[in-house]
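These protein sequences, in sequence, are chains A and B. Per the numbering used here: the first sequence = residues 6 to 276. Per the numbering used here: the second sequence = residues 6 to 276.
Hints listed in this document are in silico derivations from the structure and should not be mistaken for laboratory results. Just so you know, these numbers come straight off a predicted model, no measurement behind them. Don't take every hint at face value.
If several chains are the same, the list does not tell them apart, and a pair holds so long as it fits within one copy or across any two.
[Claimed, not checked] List time: in silico DSSO-like cross-link candidates among lysine-lysine, alpha-carbon distance up to 27 Å:
id, residue 1, residue 2
1, 70, 219
2, 182, 118
3, 219, 251
4, 32, 208
5, 32, 118
6, 182, 219
7, 182, 251
8, 70, 182
9, 182, 208
10, 215, 118
11, 215, 32
2 protein chains.
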Amino acid sequence: MATVAALKDHGGTLETGLAARLAVRRKALSGATSGLAPGYVQANLAILPRTLAQDFLQFCQRNPKPCPLIGVSAAGDWRIPALGEDLDIRTDLPRYRVWRHGEIVDEPSDIVKYWRDDLVGFAIGCSFSFEQALLDDGIELRHMTCDCTVPMYRTSVETHPAGPFRGPLVVSMRPMKPADAIRAVQITTRFPSVHGAPVHLGKPELIGIKDINKPDWGDAVPVHDDELPVFWACGVTPQSVIMAVKPDFCITHYPGSMLVTDRRNTEFAIM
Amino acid sequence: MATVAALKDHGGTLETGLAARLAVRRKALSGATSGLAPGYVQANLAILPRTLAQDFLQFCQRNPKPCPLIGVSAAGDWRIPALGEDLDIRTDLPRYRVWRHGEIVDEPSDIVKYWRDDLVGFAIGCSFSFEQALLDDGIELRHMTCDCTVPMYRTSVETHPAGPFRGPLVVSMRPMKPADAIRAVQITTRFPSVHGAPVHLGKPELIGIKDINKPDWGDAVPVHDDELPVFWACGVTPQSVIMAVKPDFCITHYPGSMLVTDRRNTEFAIM
Numbered sequence: 006m007a008t009v010a011a012l013k014d015h016g017g018t019l020e021t022g023l024a025a026r027l028a029v030r031r032k033a034l035s036g037a038t039s040g041l042a043p044g045y046v047q048a049n050l051a052i053l054p055r056t057l058a059q060d061f062l063q064f065c066q067r068n069p070k071p072c073p074l075i076g077v078s079a080a081g082d083w084r085i086p087a088l089g090e091d092l093d094i095r096t097d098l099p100r101y102r103v104w105r106h107g108e109i110v111d112e113p114s115d116i117v118k119y120w121r122d123d124l125v126g127f128a129i130g131c132s133f134s135f136e137q138a139l140l141d142d143g144i145e146l147r148h149m150t151c152d153c154t155v156p157m158y159r160t161s162v163e164t165h166p167a168g169p170f171r172g173p174l175v176v177s178m179r180p181m182k183p184a185d186a187i188r189a190v191q192i193t194t195r196f197p198s199v200h201g202a203p204v205h206l207g208k209p210e211l212i213g214i215k216d217i218n219k220p221d222w223g224d225a226v227p228v229h230d231d232e233l234p235v236f237w238a239c240g241v242t243p244q245s246v247i248m249a250v251k252p253d254f255c256i257t258h259y260p261g262s263m264l265v266t267d268r269r270n271t272e273f274a275i276m
Numbered sequence: 006m007a008t009v010a011a012l013k014d015h016g017g018t019l020e021t022g023l024a025a026r027l028a029v030r031r032k033a034l035s036g037a038t039s040g041l042a043p044g045y046v047q048a049n050l051a052i053l054p055r056t057l058a059q060d061f062l063q064f065c066q067r068n069p070k071p072c073p074l075i076g077v078s079a080a081g082d083w084r085i086p087a088l089g090e091d092l093d094i095r096t097d098l099p100r101y102r103v104w105r106h107g108e109i110v111d112e113p114s115d116i117v118k119y120w121r122d123d124l125v126g127f128a129i130g131c132s133f134s135f136e137q138a139l140l141d142d143g144i145e146l147r148h149m150t151c152d153c154t155v156p157m158y159r160t161s162v163e164t165h166p167a168g169p170f171r172g173p174l175v176v177s178m179r180p181m182k183p184a185d186a187i188r189a190v191q192i193t194t195r196f197p198s199v200h201g202a203p204v205h206l207g208k209p210e211l212i213g214i215k216d217i218n219k220p221d222w223g224d225a226v227p228v229h230d231d232e233l234p235v236f237w238a239c240g241v242t243p244q245s246v247i248m249a250v251k252p253d254f255c256i257t258h259y260p261g262s263m264l265v266t267d268r269r270n271t272e273f274a275i276m
């Protein structure tokens, strides 16, 4: 079993979503999917029993910025054809988290043995797509410069509840010079299905962030005097909302181990 | 001679650019053109001798954000057919300023007697168009709430020079809540020919503005604690650049007395 970097060093061809998924499925690689299949959309994954699925679907529809749903499986079906012809959500992520009553009970490399006829898979867009568009435009992403995880914060902004699902919006933060922040609004507006435009910028206190240097998830990054913190709705929102419900049973991707799809980032651009 | 408001009170039909121009031409109204022919593009006007026109044209092309050129007349020609079939830049603005060597020598209601065979007219997009789009989206414009002129500031940002034309970028400022500022970037991005997206937001000191309460033109407006100042490139930039050159002779519109065109604001939206 190899990491992405190691496999690439050895000439592995992981240049498409399908190739990446097949490599993961045959357990030829583990770890984070960042950098796999450049240009292809990666997604957050949440798998819930059917009893909760309808409410969660409604939660996503009411909160499209933190929960941009790009694919849903039929109950009991491990395929999401809209995201890839040969795609199996039980085997195609490098690592999963299995939860019972809000506690992690396993972190397996596939979930075949956990699969049930009543499970529904939700694929939710992730920031990798818009980050690539920002990098392509020459905008620095501080957490990449610092080689760390993007800082994320619980805010005082409430999501729109649906059934038992409710809780605060979680945001990620990228510091930028004002002109870059304006450009970033323009660029990420093109990608509504991967969080879209920022939800806030400047003045973190207005959304309940007391100390920008103390993120609730990820790592703190420096915000220079000539920069504004720019905040995007974050895919950790649905995860944190699910965990608050403490479902009898659910499965999510392991942090950083995403579902790699056959859809290209550019397909998700609205113009 | 009546003001726009008075004429409207008496049932005047000033609902198209042409109707507004004809009313101005027959001196049926004076004063500011704001509110005339709703939905139609209004423009800043600068008229220069041919000896300066080529350099000024290049200056506009190098600085499209402060100087979005939407029409240019042929030398000696008072028409700009691209902006309106029956359009005469000598008579169709309520008031003009005539300058010699950088000094105002007259503020007439038409410039027929000043017209020369070597004069070239430049119509430059103005913020009225994008302000209408912001208002239509429900965004408050503070200077309208305060019933005053938008505050404008000389910045430390230099324009790209062309021939004798050079000088600082002038910006207008509208305070907004962060979410409105993000929305305003999206909306005004659609209108590149009327100044387009903001050039800066937050942190006025980064563009050389020492005191936001002391604009160089227009009136100060309050910026609340939960707001960011949002800055757009301003059509006063070309005027201030022209004045610095102190041409032997030139003509501009009188502040607020714009050229009303037959083009609709929506025609200028790029998407």
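The hints, checked one at a time:
Proximity of residue 70 and residue 219 under a CA criterion of 27 Å is satisfied intra-copy only: 23 Å inside one chain copy versus 38 Å between copies. Proximity of residue 182 to residue 118 under the C-alpha cut-off of 27 Å is found in neither arrangement, the shortest distances being 49 Å within a copy and 50 Å between copies. Proximity of residue 219 and residue 251 under a CA criterion of 27 Å is satisfied intra-copy only: 26 Å inside one chain copy versus 55 Å between copies. Taking the shortest alpha-carbon separations for residue 32 and residue 208, neither the intra-copy value of 45 Å nor the inter-copy value of 50 Å comes in at or below 27 Å.
For a Cα distance limit of 27 Å, the shortest separation of residue 32 from residue 118 inside one copy, 16 Å, qualifies, whereas the shortest one across copies, 85 Å, does not. Taking the shortest alpha-carbon separations for residue 182 and residue 219, both the intra-copy value of 21 Å and the inter-copy value of 24 Å come in at or below 27 Å. Taking the shortest alpha-carbon separations for residue 182 and residue 251, neither the intra-copy value of 40 Å nor the inter-copy value of 36 Å comes in at or below 27 Å. Taking the closest pair of Cα atoms, residue 70 and residue 182 come within 27 Å of each other both inside a single copy (23 Å) and across two copies (19 Å).
For the identical chains of this complex, residue 182 and residue 208 are neighbours both inside a copy (14 Å) and across copies (10 Å), given an alpha-carbon limit of 27 Å. Taking the shortest Cα distances, residue 215 and residue 118 never come within 27 Å of each other, neither inside one copy (43 Å) nor across copies (65 Å). Taking the closest pair of Cα atoms, residue 215 and residue 32 never come within 27 Å of each other, the shortest separation being 43 Å inside a single copy and 60 Å across copies.
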